[in-house]
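Participant: Take the two lone chains and join them into the complex the hints point to.
Just so you know, the protein sequences line up as chains B and A, in that order.
Numbered per my numbering, the first sequence spans residues 1 to 283.
Numbered per my numbering, the second sequence spans residues 1 to 149.
Derived from the structure by calculation, the hints contain no laboratory data.
In this text the structure is predicted, and so the values were computed from the model without any measurement.
One thing to keep in mind: the hints can contain errors.
[What the hints assert, rightly or not] Derived CB-CB ranges, DEER-like:
{"id": "1", "chain 1": "A", "residue 1": "Glu85", "chain 2": "B", "residue 2": "Ala174", "range": "54 to 60 Å"}
{"id": "2", "chain 1": "B", "residue 1": "Gly10", "chain 2": "A", "residue 2": "Ala6", "range": "19 to 25 Å"}
{"id": "3", "chain 1": "B", "residue 1": "Gly202", "chain 2": "A", "residue 2": "Ser115", "range": "54 to 60 Å"}
{"id": "4", "chain 1": "A", "residue 1": "Ala13", "chain 2": "B", "residue 2": "Glu43", "range": "23 to 29 Å"}
{"id": "5", "chain 1": "A", "residue 1": "Ile12", "chain 2": "B", "residue 2": "Gly10", "range": "33 to 39 Å"}
{"id": "6", "chain 1": "A", "residue 1": "Gly9", "chain 2": "B", "residue 2": "Thr66", "range": "42 to 48 Å"}
{"id": "7", "chain 1": "A", "residue 1": "Glu85", "chain 2": "B", "residue 2": "Gly96", "range": "30 to 36 Å"}
{"id": "8", "chain 1": "A", "residue 1": "Val40", "chain 2": "B", "residue 2": "Asp203", "range": "47 to 53 Å"}
{"id": "9", "chain 1": "A", "residue 1": "Arg51", "chain 2": "B", "residue 2": "Leu206", "range": "46 to 52 Å"}
For each residue, glycine too, the CB sits at the ideal point set by N, CA and C.
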Amino acid sequence: MTTAEFVKPGTLDEALAAMTRPGSMLLGGGTSIGILLKNRLIEPQTLVWVGALPELSGIGIDGDGTIRIGAAATLRELARSELLAGAVPVLPDAAGRIGNPRVRAVATLGGALVHGDPRQDLPPVLLALRAQVDIAAGSGTRTAGLDGFYHGFMEVALGEDELITGVAVPARTAWRDRYSRFTPGSEDDFPTVGVAVSLRVGDAGLVEDAEIALGGVDSRPILAAEAAHSLIGTEGGGAALEEAARVAAAHCEPGDDARGSADYKRKMVGVWVRRTVAACLSG
Amino acid sequence: MRLHFALNGEEIACDAEPDALLIDVIRDLGLTGTKEGCAVGVCGACTVLVREVPVCSCLYLAAMAEGAPVWTVEGIAKRDPALVECFVEREGMQCGICTPGQVVSAFALGLEHDSATEEEIRGFMSGNLCRCTGYVTITEAVRSYLDHR
Ligand SMILES: Cc1cc2nc3c(=O)[nH]c(=O)nc-3n(C[C@H](O)[C@H](O)[C@H](O)COP(=O)(O)OP(=O)(O)OC[C@H]3O[C@@H](n4cnc5c(N)ncnc54)[C@H](O)[C@@H]3O)c2cc1C
Chain B
1 MTTAEFVKPG TLDEALAAMT RPGSMLLGGG TSIGILLKNR LIEPQTLVWV GALPELSGIG
61 IDGDGTIRIG AAATLRELAR SELLAGAVPV LPDAAGRIGN PRVRAVATLG GALVHGDPRQ
121 DLPPVLLALR AQVDIAAGSG TRTAGLDGFY HGFMEVALGE DELITGVAVP ARTAWRDRYS
181 RFTPGSEDDF PTVGVAVSLR VGDAGLVEDA EIALGGVDSR PILAAEAAHS LIGTEGGGAA
241 LEEAARVAAA HCEPGDDARG SADYKRKMVG VWVRRTVAAC LSG
Chain A
1 MRLHFALNGE EIACDAEPDA LLIDVIRDLG LTGTKEGCAV GVCGACTVLV REVPVCSCLY
61 LAAMAEGAPV WTVEGIAKRD PALVECFVER EGMQCGICTP GQVVSAFALG LEHDSATEEE
121 IRGFMSGNLC RCTGYVTITE AVRSYLDHR
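Chain A with its partners taken away, still in its complex shape (with noise of 0.2 Å):
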C-alpha cells in the first residue's frame, strides 16, 4: 500500500506491506537511528513519536501513522539541538544503544512538561531501559534538558 506521512517535517510517501511495522519503514527509508532491541515493546530503543506521542515503532503499524507526523532521533536532533548537547555534557550514555529512544522520550516529556521533578522524570522515562549507566546521568541530562527549554 501507498503510505504518507510527515517524517521528520518532510512529507514522504513511500510504499509498504499492509501489516508492515513503523520501525522497519522507517530504517527501510535510511533512517537508522531508531533500533531495534527487543522488539516486544519493552525495551524503548525503538521509541518515536507519532502525533508528537512516544510510541514503540517495533509494535506500530506503520499504516496506523498515515497522514500523521512522526519523528525519528535524527529529527529530534535537528528540531532541538540543545537536547543532545544535554546528553553529551552529562553523558547521559555509555554504549549508546538505548540513547536514540531515551533522546525521544526526553524530548516527549519536554512537550509536555517542563518543570517535572525528579519522580516525574523518572515515571516519564521509565521503560526506556539502560543497561550502562544506572539512570542516574540519563535523568540528570533530562532535567538539564528540561531547565534549559
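If we strip away everything but chain B, and leave its shape as in the complex, we get (with noise of 0.2 Å):
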C-alpha cells in the first residue's frame, strides 16, 4: 500500500489544514475505505481521521425542532438515540438495519453519505427527509440542501478542501416519514430496492406535502417528485396512489445485477412505493 502518513487532527482546523497536503483523503470509520484501499482502487497519500474528531460528534435537537447530528456520528450511535426515536424515527430504524453490528458500530453518518453507492439506505431516508448537509473548509462554512448533492454514481458535490460537519433534519411536526428496504435474498444485502416515503398529512387527512425517494434503482439516490406531488391534495390511497407508483417506476432507471433483472427492480419500486406510503398513512 502506497500511504505514506495517518493523521489524527485534534479539531477542525487542524484537520481542514491536513486535508490540503497532497493526495490526502478523509477518514471516517473506513468500512468502505478498508474495501477500497486492499483492492487498489484507491492510493491515499495521507488519510486524515475525522471520525473521532469532537466537532463532529454528537446529535442534538435545536428550539424550532431542526435536528442535528454530527457526520462522525456512528450508525450504531444513530439507531440507538433515544433522541433520534423521538424526533424522528425514521433514521433510528433505518441506519440500525444497515450492514451488520459490526459495520453500523464504526461507519460513520458523513462516510455514509459521501460513499455515494446508490444501494445506501440512509440517503433516500435523508433525501425524503429534505436534509441539509453542514460543509466546512478551509475558506469558510456552506450548507447545501442533499438534493442536488448526488451526481452519479460515487460521485458527490463535494470539493476536494471540503468536509462534511453534521447534518440538518427539519422538524417532523405533522410529518410522517418511513422507510422500506426491500431485500428478497437475506436481511443484511444491500437493498434490491430502498424506498423513503415523507408526508406531511392535514387535520382533514388529506396529503400537503410529500417527498419519495429511491435507493438501489439509479447511477444515485433519486427523488422522485412527480411520484410524491401526484399524492399532494389527496388522501394518499386508490387513484392517486396507484398513480403515484406507476410515475415513480417510469421515473427511476435500474440496471441488471445479482439483486434483481432492472425489469423487477421497476415493478419492485411500485410495490414498495404503494406500500411505504400505505405504512405512512396508517400510523
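Facilitator: Spelled out as C-alpha cells, the structure:
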C-alpha cells in the first residue's frame, strides 16, 4: 500500500489544514475505504481521520425542532439514539438495519453520505426528510440541500478541500416518515430497492406535502418528485396512490445485477411505493 | 508508524504501515485466533473488540486503534473462561472457522445486555455467519453464557 501518513487531527481546523496535503483523503470509519484500499481502487498518500473529531460528534435538537447530527456519529449511535427515536424515528430504524452490528459500530454518517453508492439506505431517507448538509472548508462554511448532492455513481458535490461537519433535518411536526428496504435474499444485503416516503398530513386527512426518494434503482439515490406530487391534495390512497407508484416506477433507471433485473426492480419500486405510502398513512 | 495499544489487557507498541489493517497487525503479533474469512466485513470471522465494541478487524485501520483497548479471542477466552465452556458444552461450533468471531460477539453482547431475548441474541450476532450449525447451538451457547454471567 502507498499511504505515507495517517493524521489524527484534534480539531476541525487541524483537519482542514491536513486536507491540503497532496493525495489526502478523509477517513470516517473506514468501512468503505478499507475495501477500496485493499483492492487498490484508491491510493491516498495521507489519511485524515475525522471519525473521532469532537466537533463532528453528537446528536441534538434546536429550539425550533431542527435535528442536528454530527458527521462522525456512527450508525450504531444513530440506531440507538433516544432523541432520534422520539424526533425522527425513521432514521434510527433505517440506520439500525444497515449491514451488520460490526459495520454499524464503526461506519459514520459522513462516510455513509459521501461514499455515494446508490444502493445505500441513509441517502434516500435523508433526501425524503429534506436534510441539509453542513460543509466546512479552509475558506469557510456552507450549507447545501442533499437534493443536488448526488451527481452519479460515487460522485458527490463536495470539493476536495471540503468536509461534512453534520446534517440538519427540519422539524417533523405533522410529518410522517417511513422507509422500506426490500431484500429478497438476506436481510443483511444491500437493498434491491429502497423507498423512503415522507408525508405531511393535515387535520382533514389530506396530504399537504410529500417526498418520495428511491435507492438502488439509478446511478444515484433519487427523489421521485412527480410521483410525490401526485399524492398532494388527496388522501394518499386509491387512484392517487396507483398513480404515484406508476410514476415512480417509470421515473427510475435501474440496472441488472445480482439483486435483480432492471425490470424486476422497476416493478418492485411500484410495489414498495404503494406499501410505504400506506404504512406512512396508517400510523 | 509506531502504534501503541492495550492488546488483551497488555500495553504493547509495534511498527505498522499507516494504512495497515488491524487484523494483519494482530496476526503478525502472533495472535492467529482472529481469522480472515470474506475480507469485506460480511462474515464476522475477524471480529475483535476495540474500545469494548465489536468491529471487523479486516476493515479497521490499525491506526484508528491507537491508544485503545483491543481484545481478541485469545484475550477474551482468558477474560471469561465460562464463555468458551458454554460454546463447548452446547457444541456451538462444527468446523470452527467462525468460532473466534462468534465468541467475541457473544462476549460483547454480554457486556451490554445480560437479559437479551433470543431475538435480541440473533440480532446482535447477525452477520457472524456460520455455514455448519444452522445457528441453533450457537444461540443456545450464547443464551447459556448470558444466564451464567
Ligand atoms: C459488510 C458491509 C455491509 C454494508 N451494508 C450496507 C447496507 O446494507 N446499506 C448501506 O446503506 N450501506 C451498507 N454498507 C456501506 C456502509 O454504509 C458504508 O461503508 C459506511 O457508511 C461508510 O462510512 P465510513 O465512516 O466507514 O466511511 P469511510 O469508509 O471512512 O469513508 C467513505 C467515504 O466518505 C468520505 N468521508 C468520510 N467522512 C467524511 C466527512 N465527514 N466529510 C466528507 N467526506 C467524508 C471518505 O473520504 C470516503 O470517500 C455496508 C458496508 C459493509 C462493509
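Participant: Evaluate each hint against the coordinates.
Facilitator: Hint check results:
1. Glu85/A x Ala174/B: 54 to 60 Å: holds (55 Å)
2. Gly10/B x Ala6/A: 19 to 25 Å: holds (21 Å)
3. Gly202/B x Ser115/A: 54 to 60 Å: violated (43 Å)
4. Ala13/A x Glu43/B: 23 to 29 Å: holds (27 Å)
5. Ile12/A x Gly10/B: 33 to 39 Å: violated (24 Å)
6. Gly9/A x Thr66/B: 42 to 48 Å: Hint holds: Cβ distance 44 Å, inside 42 to 48 Å.
7. Glu85/A x Gly96/B: 30 to 36 Å: At 32 Å between Cβs, range holds.
8. Val40/A x Asp203/B: 47 to 53 Å: holds (50 Å)
9. Arg51/A x Leu206/B: 46 to 52 Å: holds (49 Å)
In terms of the numbered hints stated before, the structure departs from hints 3 and 5, listed from lowest to highest.
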